[in-house]
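Number of protein chains: 2
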Amino acid sequence: MEEKLNQLKTLVAEIVDLNGAASLLAWDQQTYMPPGGAEARSNQLAYLGKLAQERAISPALGKLLEELLPYADHIDPDSDEACLIKVSYKWYKKATCVPVEWVVEFTKVTTMANQTWVEARQKSDFSIFRPHLEKIVELRRQYATFFPNVDHPYDALLDDFEPGMKIADVKVIFDTLRPRQVEIFKAIREKPQVDAPFLHQAFEDQKQFAFGKEVISKFGYDWQRGRQDQSVHPFTTVGISVNDVRFTTRITPNFLNPSLFGTLHECGHALYGLGHRPELERLGLAVGASYATHESQSRLWENLVGRSLPFWQYFYPRLQDLFPTQLGNVSLDAFYKGINKVEPSLIRVEADEATYNLHIMLRLEIELGLIEEKIEVKDLPEIWNMAMEEYLGLTPTNDAQGVLQDIHWSGGSFGYFSTYTLGNLISCQLWEKINQDIPDLPEQIRMGKFDTLLAWLVERIYQHGSKFEPQDLVQRVTSSKITPEPYLRYLKAKFGEIYG
Amino acid sequence: MEEKLNQLKTLVAEIVDLNGAASLLAWDQQTYMPPGGAEARSNQLAYLGKLAQERAISPALGKLLEELLPYADHIDPDSDEACLIKVSYKWYKKATCVPVEWVVEFTKVTTMANQTWVEARQKSDFSIFRPHLEKIVELRRQYATFFPNVDHPYDALLDDFEPGMKIADVKVIFDTLRPRQVEIFKAIREKPQVDAPFLHQAFEDQKQFAFGKEVISKFGYDWQRGRQDQSVHPFTTVGISVNDVRFTTRITPNFLNPSLFGTLHECGHALYGLGHRPELERLGLAVGASYATHESQSRLWENLVGRSLPFWQYFYPRLQDLFPTQLGNVSLDAFYKGINKVEPSLIRVEADEATYNLHIMLRLEIELGLIEEKIEVKDLPEIWNMAMEEYLGLTPTNDAQGVLQDIHWSGGSFGYFSTYTLGNLISCQLWEKINQDIPDLPEQIRMGKFDTLLAWLVERIYQHGSKFEPQDLVQRVTSSKITPEPYLRYLKAKFGEIYG
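Line order of the protein sequences matches chains A and H.
Just so we're aligned: 294 in this note's numbering is position 294 of the first sequence, and the numbers increase by one with no gaps anywhere.
Just so we're aligned: 1246 in this note's numbering is position 246 of the second sequence, and the numbers increase by one with no gaps anywhere.
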């Protein structure tokens, strides 16, 4: 068994090396690659992807895993080795259910669709994108049929992002959340609104970048094992190595929020990536438990920490020192309310904490309708706009501001969106538990101390990588599966105070 | 045949993609990788290297090549396809002559030796490095035995850097060169020496970088297909893609020369890399013809262009504008003589045009002695110091300034050094031909025009990639094999003028 286990580790480590190399290539593509390098880069990434995929579905791997499964049942189920065998087997089985021809077709279709989506969004014309999306939906419906044992076809898609999660569970959560989230939003809108024009001034690029750097250094971001760069779209690369987790920031010169909270958000992802036990790296387990778990960490550091009053009690004087002409006369209270301003928006990525989930629910309904064949792609712009009106009281004036705004569908990522909301919920669920365990956390944050918080997260969440499925992990830490109650309590308390 | 040719192209393109990815990983390692990333990077590079090597010696490739060889003899021998077959076959045959166990052992030994060399150089203690170098020399002697058909064991080593070149030819060239180079050097030393303290002042980093950028933009460096960064050791990465050729610069704050001429040197390598016909990329032929050919281009742009009077007639006023306090009162004549100052130095990389080759000859003699088993590793410091005294009239005060100064041997690179001198010779041989073909070149350079020069080099040298062996290429362009005469004429004319 020992020998077979070593063979398994060698095979898995090869996939880890290939994916790590590909992650660096993708990072460079979005940061430092000159434009001329695009074609060669796409060839290199395609070939590395092919090699990794061949290894992930190789019969040699399957045989080893099947021989090792009984062994996994006889050792500590939480041990690295048991998890290595079980998690590897799960993905091996899933990957081998999908015919190679489907993967080739899907890659071809989504590559084209992605390019077309860019053009369609630029021209704000859904009809250009429509035939591509129709093909993608057809392929995604077909994908679901490769997994005849799931309770619902959508489960096959969801599982790629949230291992083990079922749409039935998500529905229960969302059905509880929706009316109460709408209620909170409406209550806020009936109160006097916040005005924060001071956030929209000229803020020098270098100073914005420096302030973000100061904050995340305080968070405990390890500059020996990561770096921060600038890019058109901010992103985090956790795939190079557990000891090399990089993220990027985009500076908006005339608005303070995007760079600042974008930095804290990406840093949250990066802290998660840096917190996995290094021993998990070559076992392929030094990745997040799921997309929602990852989002829970970006949201936790961005919102629960970074938009909190104690945080700004510490950092606001520093920010004022940096921008005396812009913020010298703005009180902490006005600033705090300003960065927490609630305002319905057409664009998901610009949404505040009180409306964000509504954007997600709209998208999940559409995805479900498409997979269940209850909605047709041709009707999407109309359905989208009606739902926006219903949820947020806004109607997009064009497709670019409506159905074409997100990149996800053009890449075939059906099942992704709900992880954003699940991430929000998990973040608040953990936050309640953290505050029970560290009663003086607000006081610590008010003093710029984040080490107890980070250590708690590393100990409970980060170190485990992908050893446990997200529902299991949340249950272990909070003694409850994912629930919207802590999130709703948080919204009510926070915005109740801000809006009276 | 058509089908077999396509199969060959597919196999070669896979190796190209793997090497391209590895090149980017190596570039990042020396520029932006955080220290923590080192271990994962070394795993990734090792695995990509293993995959490329497996493909380079695969029996499938060998079979295809053997079937295609007769076809290559029936088509235009200068065609891309004929060269693809012949060049691929050459390297395939060479790679398959070397036992896999030797490669594994060599990689292990040189990895260790490289680390030890760093320590030995730091402590200036050859005895630490000695056992590692002994092992390397033993392995290199063994390597030569895998090629029993060569005229001299050293040819097997030389051929890795200079395809087709033989040590007998190099000896003839060096034997002609040595006495006349020494004679020129001695004649210079008998004249009044140049003093240029103005080069050793505080020159602002940003301005140094900006000036280099201005010069290479004028040279025609394509920023859409490359980039310039800073690193501890300047280097050029030509392996990512013909459309993505990057180089780095190191700024020395208190001395103008290293960054300035380092930038022009690396840019010369980069221009060569950018000039290969793009169609050659996926045939594996979009690389330089040899190390000497590459060095001929870095030297051409650094020395023949960048240390010439016409060049500074154009650029010196600009440099003075940038550094008015440092250079405002220094005449063009004094500056030109200053940057061409001849002074014997213990360190190869600091050597001027008139002494550089003497450093190389010393190294080649030692390498030959080691491979021919006429010299023992234990005697190297003494032999080194005696030769330095003989050639340059200097004696190293310690091993760091002597036998330990270069990294090459610690990586097992025997056969590399002579390519530096051959590069110098080729650059001058081409330069004479260029000046015949473009009689007003000095006038063009005096006006900051480099496009005719670059176009000439692309047309005659760069575009061909590695289709032709270096001697063949030089013969095609200059109607003569590599010869030291143009180089000696150049030295005499230039330094005759400067030193009277």
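Please note: incorrect hints may appear among the correct ones.
Unchecked claim - If we take Cβ atoms under 8 Å as the criterion, some of the chain A residues that face chain H in the derived model are:
1) P35
2) G37
3) Q44
4) G226
5) I240
6) N243
7) P317
8) D321
9) E497
Said to hold, decoys possible - Simulated pairs of lysine-lysine, DSSO-like, Cα-Cα distance not exceeding 30 Å:
10) A:K108 with H:K1207
11) H:K1004 with A:K4
12) H:K1481 with H:K1086
13) A:K94 with H:K1050
14) H:K1009 with A:K50
15) A:K207 with A:K337
16) A:K207 with H:K1213
17) A:K50 with H:K1492
18) A:K9 with H:K1050
19) H:K1004 with A:K50
20) A:K93 with H:K1050
21) A:K108 with A:K94
22) A:K207 with A:K191
23) H:K1108 with H:K1341
24) H:K1004 with H:K1186
25) H:K1050 with A:K63
26) A:K207 with H:K1207
To be verified - Rough simulated footprint, nothing fancy, chain A against chain H, three-plus residues with beta-carbon under 8 Å:
27) 1178–1187
28) 1221–1234
29) 1238–1250
30) 1376–1383
Just so you know, the hints here were simulated from the structure itself, not pulled from any lab data.
No experiment lies behind these values; they were computed from the predicted model shown.
Glycine included, C-beta positions come from ideal geometry on N, C-alpha and C.
To see whether the hints hold, each was checked on the structure:
no. : hint                 : result
1   : P35                  : 5 Å, holds
2   : G37                  : 3 Å, holds
3   : Q44                  : 5 Å, holds
4   : G226                 : 6 Å, holds
5   : I240                 : 6 Å, holds
6   : N243                 : 4 Å, holds
7   : P317                 : 31 Å, violated
8   : D321                 : 26 Å, violated
9   : E497                 : 40 Å, violated
10  : A:K108 with H:K1207  : 47 Å, violated
11  : H:K1004 with A:K4    : 39 Å, violated
12  : H:K1481 with H:K1086 : 21 Å, holds
13  : A:K94 with H:K1050   : 29 Å, holds
14  : H:K1009 with A:K50   : 17 Å, holds
15  : A:K207 with A:K337   : 22 Å, holds
16  : A:K207 with H:K1213  : 26 Å, holds
17  : A:K50 with H:K1492   : 58 Å, violated
18  : A:K9 with H:K1050    : 17 Å, holds
19  : H:K1004 with A:K50   : 22 Å, holds
20  : A:K93 with H:K1050   : 28 Å, holds
21  : A:K108 with A:K94    : 21 Å, holds
22  : A:K207 with A:K191   : 35 Å, violated
23  : H:K1108 with H:K1341 : 43 Å, violated
24  : H:K1004 with H:K1186 : 60 Å, violated
25  : H:K1050 with A:K63   : 24 Å, holds
26  : A:K207 with H:K1207  : 22 Å, holds
27  : 1178–1187            : violated (count 0)
28  : 1221–1234            : holds (count 7)
29  : 1238–1250            : holds (count 6)
30  : 1376–1383            : violated (count 0)
Comparing the model with each earlier hint shows violations of hints 7, 8, 9, 10, 11, 17, 22, 23, 24, 27 and 30; every other hint is respected.
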